[in-house]
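A.B. asks: Based on the hints, put chain B in the right spot on chain A.
First to last, the protein sequences are chains A and B.
Start counting the first sequence at 1; every next residue gets the next number (my numbering).
Start counting the second sequence at 1; every next residue gets the next number (my numbering).
Quick caveat, the hints were computed from the structure, so don't treat them as lab data.
This list has only true hints and no planted wrong ones.
The list treats identical chains as one, so a pair stands whether inside a single copy or across any two.
The list that follows gives simulated cross-link-like pairs (lysine-lysine, BS3-like), each with its CA atoms no further than 25 Å apart:
no. : residue 1 : residue 2
1   : Lys419    : Lys82
2   : Lys419    : Lys290
3   : Lys290    : Lys82
Each chain, letter by letter, is given below.
Number of protein chains: 2
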Amino acid sequence: MTVRNALYAQSGGVTAVINASARGVIEAARQNPDRIGTLFAAHNGIVGVLREALIDTSSLSDDQVTSLSQRPGGVFGSCRYKLPPLDDDPEGIYPRLVDVFRAHDIGTLFYNGGGDSADTAHKLGLLSDQHQLGLQCIAVPKTVDNDLPMTDCSPGFGSVARYVATSLLEASLDVRSMCDTSTKVFVMEVMGRHAGWIAASAGLVALAADPSPLLILFPEVPFQPEAFHAEVDRLIEQHGYCCVVVSEGVRDDCGDFLADSGRTDAFGHQQLGGVAAVIAGMIVENGGHKCHWAVPDYLQRAARHLASATDLSHALAVGRHAVALAMDHHHQVMVTIERISDSPYQWKVGHAPLAEIANVEAGVPAAYIREDGFGITEQALTYLAPLIEGDASQVLRHGLPDIQTLPLQCVPRKLSDFKV
Amino acid sequence: MTVRNALYAQSGGVTAVINASARGVIEAARQNPDRIGTLFAAHNGIVGVLREALIDTSSLSDDQVTSLSQRPGGVFGSCRYKLPPLDDDPEGIYPRLVDVFRAHDIGTLFYNGGGDSADTAHKLGLLSDQHQLGLQCIAVPKTVDNDLPMTDCSPGFGSVARYVATSLLEASLDVRSMCDTSTKVFVMEVMGRHAGWIAASAGLVALAADPSPLLILFPEVPFQPEAFHAEVDRLIEQHGYCCVVVSEGVRDDCGDFLADSGRTDAFGHQQLGGVAAVIAGMIVENGGHKCHWAVPDYLQRAARHLASATDLSHALAVGRHAVALAMDHHHQVMVTIERISDSPYQWKVGHAPLAEIANVEAGVPAAYIREDGFGITEQALTYLAPLIEGDASQVLRHGLPDIQTLPLQCVPRKLSDFKV
Numbered sequence: 001m002t003v004r005n006a007l008y009a010q011s012g013g014v015t016a017v018i019n020a021s022a023r024g025v026i027e028a029a030r031q032n033p034d035r036i037g038t039l040f041a042a043h044n045g046i047v048g049v050l051r052e053a054l055i056d057t058s059s060l061s062d063d064q065v066t067s068l069s070q071r072p073g074g075v076f077g078s079c080r081y082k083l084p085p086l087d088d089d090p091e092g093i094y095p096r097l098v099d100v101f102r103a104h105d106i107g108t109l110f111y112n113g114g115g116d117s118a119d120t121a122h123k124l125g126l127l128s129d130q131h132q133l134g135l136q137c138i139a140v141p142k143t144v145d146n147d148l149p150m151t152d153c154s155p156g157f158g159s160v161a162r163y164v165a166t167s168l169l170e171a172s173l174d175v176r177s178m179c180d181t182s183t184k185v186f187v188m189e190v191m192g193r194h195a196g197w198i199a200a201s202a203g204l205v206a207l208a209a210d211p212s213p214l215l216i217l218f219p220e221v222p223f224q225p226e227a228f229h230a231e232v233d234r235l236i237e238q239h240g241y242c243c244v245v246v247s248e249g250v251r252d253d254c255g256d257f258l259a260d261s262g263r264t265d266a267f268g269h270q271q272l273g274g275v276a277a278v279i280a281g282m283i284v285e286n287g288g289h290k291c292h293w294a295v296p297d298y299l300q301r302a303a304r305h306l307a308s309a310t311d312l313s314h315a316l317a318v319g320r321h322a323v324a325l326a327m328d329h330h331h332q333v334m335v336t337i338e339r340i341s342d343s344p345y346q347w348k349v350g351h352a353p354l355a356e357i358a359n360v361e362a363g364v365p366a367a368y369i370r371e372d373g374f375g376i377t378e379q380a381l382t383y384l385a386p387l388i389e390g391d392a393s394q395v396l397r398h399g400l401p402d403i404q405t406l407p408l409q410c411v412p413r414k415l416s417d418f419k420v
Numbered sequence: 001m002t003v004r005n006a007l008y009a010q011s012g013g014v015t016a017v018i019n020a021s022a023r024g025v026i027e028a029a030r031q032n033p034d035r036i037g038t039l040f041a042a043h044n045g046i047v048g049v050l051r052e053a054l055i056d057t058s059s060l061s062d063d064q065v066t067s068l069s070q071r072p073g074g075v076f077g078s079c080r081y082k083l084p085p086l087d088d089d090p091e092g093i094y095p096r097l098v099d100v101f102r103a104h105d106i107g108t109l110f111y112n113g114g115g116d117s118a119d120t121a122h123k124l125g126l127l128s129d130q131h132q133l134g135l136q137c138i139a140v141p142k143t144v145d146n147d148l149p150m151t152d153c154s155p156g157f158g159s160v161a162r163y164v165a166t167s168l169l170e171a172s173l174d175v176r177s178m179c180d181t182s183t184k185v186f187v188m189e190v191m192g193r194h195a196g197w198i199a200a201s202a203g204l205v206a207l208a209a210d211p212s213p214l215l216i217l218f219p220e221v222p223f224q225p226e227a228f229h230a231e232v233d234r235l236i237e238q239h240g241y242c243c244v245v246v247s248e249g250v251r252d253d254c255g256d257f258l259a260d261s262g263r264t265d266a267f268g269h270q271q272l273g274g275v276a277a278v279i280a281g282m283i284v285e286n287g288g289h290k291c292h293w294a295v296p297d298y299l300q301r302a303a304r305h306l307a308s309a310t311d312l313s314h315a316l317a318v319g320r321h322a323v324a325l326a327m328d329h330h331h332q333v334m335v336t337i338e339r340i341s342d343s344p345y346q347w348k349v350g351h352a353p354l355a356e357i358a359n360v361e362a363g364v365p366a367a368y369i370r371e372d373g374f375g376i377t378e379q380a381l382t383y384l385a386p387l388i389e390g391d392a393s394q395v396l397r398h399g400l401p402d403i404q405t406l407p408l409q410c411v412p413r414k415l416s417d418f419k420v
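Pulled out of the complex, with its shape left as it was, chain A reads as follows (with noise of 0.2 Å):
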């Protein structure tokens, strides 16, 4: 058996736990020394190998490996890029990558991401096909946005879920202490431009013991003031306040996001997010009660301090097994977790094609979303509530996470430059 180099890429938005899906890739590479060479990592992305920007990851102690668990972000780099169509491609790209594979005989790549990234990968081992390159193209997943088909969650989305509910739960108690004579409500706007799974995460604060009275707007469920008004009004008679979480993808009855149906920001620019204040802008105008509404942006998906145990150790699982299907010579396949129960929590890892899963976005069913559209039913919180589960420890350094500099050096390239 030939030993040949590998490639592990990380792409689209990054997430609290994709460095640990690194970790699994690499510790496990290491485990088959006689079937992987050196295992490069790109600096950022696809972009890094049209730029032939590799990072020899051997660089790495296994200390330095173990804390890639510790550190939220691609600590490779990630990148926003869609390859173009196959047989459409006057800027060279195709070529440029198969030069790039060549050169540094990479028979593996492990490729990080979310469904543009499945779709990625996907081109990549068509065109080892066409080219014979005999490059194997796995997909690890990885998305907060947990709209990857055929696996049971993505790797991400627990820890954003744990967040958004922990967030939550504790603003609710901030709200309560002064609705008397302050803010009534409070309104979180929270990440998912098409699928709800990370508003409806917001629904897990029924499992506290004192759940606060919530409102979810969903992608899925087009905007209808009158009833949200109306359940608005009615949860602030009944408990003094509430909160609303917000999906920045929510939309109106015509389909358009409503935080850019024509509305614009101070500016006269359409808003950049910003959801939220409109939302809370309606219901000061609706009801005049006073509102507080919060945008925590990147803070929700980089919170690795909030990380779940279990999406830990599902992004570490992903990463290993994705070298398990390599050496089992599997090819255009992406890793999946399996739920083989709710309570207790079993899963296991395994695999699903890859052309099944490029471009295909998994909203949040309609039997997880309460018949009044605001809020989550029994069958999303039995569903939810194993991801949130467990504190993902972290190692501290003066009150903050200790996050390593690490010896990350491009590999001396062997091709020439190319613009991307």
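C.D. replies: Okay, now just chain B, sitting in the frame of chain A:
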């Protein structure tokens, strides 16, 4: 020595650790049954006193009292309510307070709040002197804004500081991963209308092994757009990205709030917060850099999950010491934190006269702000560093903070209704 009752009240914006002070007061009061009879807690601060809505804290078991340290927000309810001047009281607020204090034989008041609350406690002390109520007034400090004079720091601040620095460090790793093809500037808005302590705490990322490139906008420093954009451009040139932490209270050259200076939200209303979006808009307009922005709002001051152990110790200690001061016949004083040394960090509790505290705001001193106005000095770092030390462990249930439901009920009223 006669045994009289005591009253504890929470006032103003709540914090992640204010209930640890409540715990301190309750525990210490329980240790002095020969001096303190019933310890009441006002439901919703001074408003609850006016309404004669008083909770008998003896309904809480010792374990429940201990668990208060786990709980953000104000467990007994707080309020925003400013007492009128003592000599201009057309609504009869003060006679009502006298009635309530007498009806329940209140001999000591523990008033847990910030600057405005110190003013309230001070007025109540004067009221007691006027009417010979024999009411000892002890203020227990609390404010995330850290703007109380005469104390080294205010309980509540250290935890927000840890939240801000941790969140910023995490988000900056996210932005760094993606800056080559995506967001180059991350703007985070923090609380602090008049004092920039919370904004300053972002500078704690300098303690990280690999500090984030950061600009801070303080309310103490008039906003200079040209210098700001030049510094943003410089940091992006050098690091590929940067973070901006902006205090909600940042003002322009004319002293107007940036968030209020004629700029309106999508509905034509004056913006509810949202200076982060204003700054992001300016950055996009000036340099075309892709921006993301976050407004954690209440999440920052409710984040018990990120409380610093130091802050939690302070909060507990000031509660306990308030009772000790009462036992020592002090009146019209606030408990203070006194710093003995920076490193190793050593501190003790003390006290200061309320008359010197009420309505005085202690902003960030000039020596703590870097000469260019966009960061903190070494001296500031030395001051801030100990305040975020230590993780304050939390009890979890289903992956969320385990917030207990407590038996809190108001005692029967003895007086007639009073409309507040």
